[in-house]
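**Q** Going down the list, the sequences are from chains C and H. Per our numbering, the first sequence starts with residue 298, numbered consecutively. Per our numbering, the second sequence starts with residue 226, numbered consecutively.
These aren't lab readings, by the way, just hints derived from the structure by calculation. Hints may contain errors.
Said to hold, decoys possible - With a straight-line cut-off of 20 Å between C-alpha atoms, the simulated EDC-like cross-links for lysine to aspartate or glutamate are:
1. Lys332/H to Asp405/C
2. Lys343/H to Glu285/H
3. Lys337/C to Glu285/H
4. Lys266/H to Asp405/C
5. Lys280/H to Glu308/H
6. Lys349/H to Glu334/H
7. Lys571/C to Asp465/C
8. Lys343/H to Asp297/H
9. Lys349/H to Glu317/H
As the list claims (entries may be wrong) - Label-pair distances were calculated between CB atoms; the ranges are:
10. Phe565/C to Arg357/H: 40 to 46 Å
11. Thr375/C to Val278/H: 19 to 25 Å
12. Glu284/H to Ala467/C: 50 to 56 Å
13. Thr331/C to Ser255/H: 23 to 29 Å
14. Glu344/H to Ile479/C: 51 to 57 Å
15. Asp270/H to Val573/C: 39 to 45 Å
16. Phe347/C to Thr319/H: 43 to 49 Å
17. Gly566/C to Ser268/H: 47 to 53 Å
18. Gly286/H to Lys571/C: 23 to 29 Å
This structure is a prediction, so every number in the text was calculated from the model and none was measured. Glycine is no exception: its CB is placed at the ideal position from the N, C-alpha and C atoms.
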Amino acid sequence: MSVTANQSPWQVEVNDLLRGMAGAFLFGTPFLYTSEVWWKGNFATPSQMFFALALTYTGLILLNWAAGFRDLRPGTRTRILTDSAESLAIGLLAATLGLVLLNIITFDSGLNAIVGRIVLEGIPFGLGVGLANTYLKGGGGEVESDGKDDRKKKEQQDEDSRKGMWSDVAATVLGATLGAMIVSAPLAPTNEVSALAGRQSYLRLLVIMSVSLLLSYFIVFVAHFIARRARLREEGLLQRPISETIFAYLISLVMAAVMLWLFNVLEFGDSLDKWVSFCIVLGFPAAIGGATGRLVL
Amino acid sequence: MSDERRKNTDDQRTTAEWASLGITLLLLASVIGTVITLWVKSSDDPVRFRIAVGKGRFEEGQYYLPFSIVNDSNRTAAQVAVEGRAGVDDKEETATTVFSYIASQEKAEGVLVFSEVKEATNVKVRVVSFQRP
Numbered sequence: 298m299s300v301t302a303n304q305s306p307w308q309v310e311v312n313d314l315l316r317g318m319a320g321a322f323l324f325g326t327p328f329l330y331t332s333e334v335w336w337k338g339n340f341a342t343p344s345q346m347f348f349a350l351a352l353t354y355t356g357l358i359l360l361n362w363a364a365g366f367r368d369l370r371p372g373t374r375t376r377i378l379t380d381s382a383e384s385l386a387i388g389l390l391a392a393t394l395g396l397v398l399l400n401i402i403t404f405d406s407g408l409n410a411i412v413g414r415i416v417l418e419g420i421p422f423g424l425g426v427g428l429a430n431t432y433l434k435g436g437g438g439e440v441e442s443d444g445k446d447d448r449k450k451k452e453q454q455d456e457d458s459r460k461g462m463w464s465d466v467a468a469t470v471l472g473a474t475l476g477a478m479i480v481s482a483p484l485a486p487t488n489e490v491s492a493l494a495g496r497q498s499y500l501r502l503l504v505i506m507s508v509s510l511l512l513s514y515f516i517v518f519v520a521h522f523i524a525r526r527a528r529l530r531e532e533g534l535l536q537r538p539i540s541e542t543i544f545a546y547l548i549s550l551v552m553a554a555v556m557l558w559l560f561n562v563l564e565f566g567d568s569l570d571k572w573v574s575f576c577i578v579l580g581f582p583a584a585i586g587g588a589t590g591r592l593v594l
Numbered sequence: 226m227s228d229e230r231r232k233n234t235d236d237q238r239t240t241a242e243w244a245s246l247g248i249t250l251l252l253l254a255s256v257i258g259t260v261i262t263l264w265v266k267s268s269d270d271p272v273r274f275r276i277a278v279g280k281g282r283f284e285e286g287q288y289y290l291p292f293s294i295v296n297d298s299n300r301t302a303a304q305v306a307v308e309g310r311a312g313v314d315d316k317e318e319t320a321t322t323v324f325s326y327i328a329s330q331e332k333a334e335g336v337l338v339f340s341e342v343k344e345a346t347n348v349k350v351r352v353v354s355f356q357r358p
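Work out the full structure, taking the sequences as your base and the hints as a guide.
**A** Written out as structure tokens, the structure reads:
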């Protein structure tokens with residue numbers, strides 16, 4: 298049984314699933330902004346859908362053998378196979394949530410197109426679950442420790458506290474800014490941003506903002522990707538999870554606006570409606586990029 | 226790829242693990258079941274559309290006529306061009322719009338805009354062309 302010290306089995310399981318979900322969005326979100334994927338989803342035949350599911354599952358078996366999304370690496374064949382099935386299901390669920398969130402699938406879309414889009418988007422989302430512990434190396438896993446590890450931890454703790462308030466603020470701002478920029482820059486000039494912004498009502502925009510904030514929070518403070526405990530130990534101005542999440546999201550929105558203006562998608566004479574909807578739509582991947590940036594720096 | 230995490234070599238599962246495995250397998254089964262259903266129901270029927278015209282409105286010299294179109298077939302159609310013709314006295318005005326694609330069983334909505342008519346008299350809305358991608 299995979300119970301990590303000081304955590305109930307349910308807590309461990311919820312953390313594992315959240316890590317998988319966060320990994321899916323980290324890797325899959327740019328594909329939500331690729332209209333060719335939705336387009337091809339309309340024409341996918343059931344046999345192609347099966348092939349896509351089988352291919353993703355095969356890829357996930359290899360990824361779960363090497364990494365996976367759980368705190369503890371799957372060490373038996375059965376666990377690798379079941380973790381891979383869970384990864385695929387989490388990926389499909391995350392893809393569905395993303396497609397519904399951005400209004401890419403609705404009840405009027407037709408069953409074939411809905412399933413086709415979910416399955417095709419499920420490929421990158423599913424692989425994101427399998428890669429969760431790989432591309433954000435350092436996971437929060439409880440590695441068996443000895444005295445040497447404890448000394449290292451203590452030294453790290455001391456170093457962390459020395460960083461002080463301003464270095465923490467700088468790291469948060471820099472990480473959020475760079476992460477948001479890296480993700481939003483290639484998406485800003487694409488037609489998908491305007492196509493998606495045009496589909497959103499004010500209520501939907503509020504939901505997108507809420508999900509952006511929630512995902513950003515989960516990635517940095519819940520999913521245990523990297524040194525979460527070290528982050529929580531630091532006593533910085535922004536180190537309270539909620540204030541840091543909100544501040545980083547504001548940075549993501551600003552970066553989305555800057556990128557949209559830079560690529561002439563938005564101009565100063567454009568309506569407030571256009572500015573708000575475009576920035577919130579691009580702010581979603583930017584927030585995820587910002588969260589990743591804060592973890593990496 | 227080096228991974229310092231501990232391996233879980235125990236095949237015994239906690240209740241929480243069983244619960245998440247059960248739910249995720251159920252989700253996976255529902256997706257696979259839907260794909261099988263689509264496979265069984267798939268046919269080579271030709272593309273056909275159903276159009277329903279809504280209530281129009283006159284505003285600032287333009288007549289706006291909303292309509293919905295449903296692709297009743299099992300195939301997706303691309304570049305679906307819809308044309309509306311409205312008659313006023315002896316004149317006839319035409320308005321067109323194009324949908325990038327309408328997937329199988331998908332319902333799409335559009336609005337035709339006329340500048341010469343003030344109400345829907347003798348309006349005919351139909352698909353004039355589409356492409357098979």
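**Q** None of the hints should be skipped; say for each whether it holds.
**A** Going down the list of hints, with the structure as the test:
1. Lys332/H to Asp405/C: holds (5 Å)
2. Lys343/H to Glu285/H: This hinted pair holds, its Cα atoms lying about 10 Å apart.
3. Lys337/C to Glu285/H: violated (40 Å)
4. Lys266/H to Asp405/C: Within the cut-off at roughly 19 Å; holds.
5. Lys280/H to Glu308/H: holds (17 Å)
6. Lys349/H to Glu334/H: holds (16 Å)
7. Lys571/C to Asp465/C: This hinted pair is violated, its Cα atoms lying about 34 Å apart.
8. Lys343/H to Asp297/H: violated (32 Å)
9. Lys349/H to Glu317/H: At roughly 11 Å apart (the allowed maximum being 20 Å), Glu317/H and Lys349/H satisfy the hint.
10. Phe565/C to Arg357/H: 40 to 46 Å: With Cβ atoms ~44 Å apart, the hint holds.
11. Thr375/C to Val278/H: 19 to 25 Å: Because 59 Å falls outside the window, the suggested range is violated.
12. Glu284/H to Ala467/C: 50 to 56 Å: holds (54 Å)
13. Thr331/C to Ser255/H: 23 to 29 Å: holds (25 Å)
14. Glu344/H to Ile479/C: 51 to 57 Å: With Cβ atoms ~55 Å apart, the hint holds.
15. Asp270/H to Val573/C: 39 to 45 Å: holds (44 Å)
16. Phe347/C to Thr319/H: 43 to 49 Å: At 45 Å between Cβs, range holds.
17. Gly566/C to Ser268/H: 47 to 53 Å: Distance hint for Gly566/C, Ser268/H holds at roughly 52 Å.
18. Gly286/H to Lys571/C: 23 to 29 Å: For Lys571/C against Gly286/H, whose Cβ atoms are near 25 Å apart, the range 23 to 29 Å holds.
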